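Those sequence lines, one after another, are chains H and W.
Using our numbering, read the first sequence as starting at 1 and increasing by one per residue.
Using our numbering, read the second sequence as starting at 1001 and increasing by one per residue.
Just so you know, these hints were derived from the structure itself, not from any lab.
As the structure is a prediction and not an experimental result, all values here were calculated from the model.
Check each hint, because a few of them may be wrong.
Label pairs and their computed distance ranges (CB to CB) [unchecked claim]:
id, chain 1, residue 1, chain 2, residue 2, range
1, H, D234, W, G1017, 28 to 36 Å
2, H, G44, W, Q1121, 21 to 29 Å
3, H, R208, W, T1071, 39 to 47 Å
4, W, Q1121, H, G46, 45 to 53 Å
Each residue gets a CB set at the ideal place from its N, CA and C atoms; glycine is no exception.
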Amino acid sequence: MTDLAALIEAARTGERRPLARLLTAIEGGDPDLRPMLPQLFAAGRGAHLVGITGPPGSGKSTLVNALIGELRRRGHRVGVLAVDPSSPYTRGAILGDRIRMMDHAADRDVFMRSMASRGELGGLAGRTWVAAAALDAAGYDPILVETVGAGQSEVEIARLAETTVVVEVPEMGDEVQAIKAGLLEVADVIAVNKGDRPGAQHAARQLRAMLSTAGGRVARKPLPILITTATNGDGVAALVDAIEAHRSIARSPAQARDRARAQVARALADLALRRASDASDWDEVLGAVAERELDPMTAAERLLGS
Amino acid sequence: MNDTPIRVLIAKPGLDGHDRGAKVLARGLRDEGFEVIYTGLRQTPEMVADAAEQEDVDVVGLSILSGAHMTLLPRIVELVRGRGMDDVLIAAGGIIPDADITRLKETGIAEVFGPGTSISQIARYFREHARSRA
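Bound-form chain H, shown alone (with noise of 0.2 Å):
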């Protein structure tokens, strides 16, 4: 591998090509970066990170498309991360999302990135904020994070966003769907797109009055609700300014807060599988839960403690 070192150095300068070389080690997990990431951090400029996340089909990556277009009118050089799942049995993937973002491909203040899941425990959400780290340093912002909303880890993703926007459609479902605990909580602008289709008006009538009386843990303002329609660019420019207005509540110390405490949470679940996998008496210990000698709890004790 090469001097991780002086690809960080290169990405900052806005290269693309360290820059792509540098995610690729991300990706991989390369245990060389490890002592880098304080420096890497470090070079970081504070860009905004954006969650975009979903049902299957719900349209993400076109309207991701559309949020490019909208945000280069604006003059941002744009950084994105499409995260699609990888096979758990092949460990294979298709990463399909650049097909829908391909009228940004020939821009050169626009670099995206595919990723794919990679199907470890834990470890994608670590690994898909070290790689926006990454494009932050190299200048990019904001950084739109793309990810299917099918799983916990993918959910967890876009938690870690500073503003996430959840992509709804239409024929999303009646109003029990808006109030179930999931997706929709982790919101903090909601998309209902393909907005030209009949009952879009309906969806985001209820959605709004299902979600403004929401109590929550703490007293926030009623969610925006917008209207999109990704494919011909309708309500795309509101979306932006949700978006872009939603950036300084963010950054309240309260809510800085507590994504610190989901960052440092993610972190050490990361750090303690990755030291209790090296532990010697590991493959004793699964065997023991195997066979219900053990129970996973005093397992997991036991690895980390002893």
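Place chain W on chain H using the hints.
Below, chain W without anything else, positioned relative to chain H:
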């Protein structure tokens, strides 16, 4: 973590009307354990090279049926190499006459896979010839 999956960009340069073959290949390579970035139809050589650069792929697979391969493929090789990606394997597939295959190989296309090639053949070739990720 040394067995990092090989990353492959499957691209269709030029004006082909359909991409069934490219999609079948993308899916097949996924099942063979590759990470496949697929960019869709009607790509210019610049778009292919930019995608290869940003995605830091190990292999670029170009599918072309239109007959424009002698124009487009050498141009893509030139652009990819021009971006400093000297160790990226570039291969092609599609409808390409034998006489042109020799000439394409001279321009830096590593291999050309014609109709009837099995996915496992292609997968094996990529595994054997892609740069190591170590």
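Cβ distance range 39 to 47 Å for H/R208 and W/T1071, holds or violated: violated, 54 Å
45 to 53 Å as the expected CB spacing between H/G46 and W/Q1121, which holds or is violated: Distance hint for W/Q1121, H/G46 holds at roughly 50 Å.
W/G1017 and H/D234 - C-beta distance against the hinted 28 to 36 Å: holds, 30 Å
Status of the given 21 to 29 Å range, CB of W/Q1121 versus CB of H/G44: This hint is violated: roughly 45 Å between Cβ atoms.
Hints 2 and 3, counting from the list given before, are not met by this structure.
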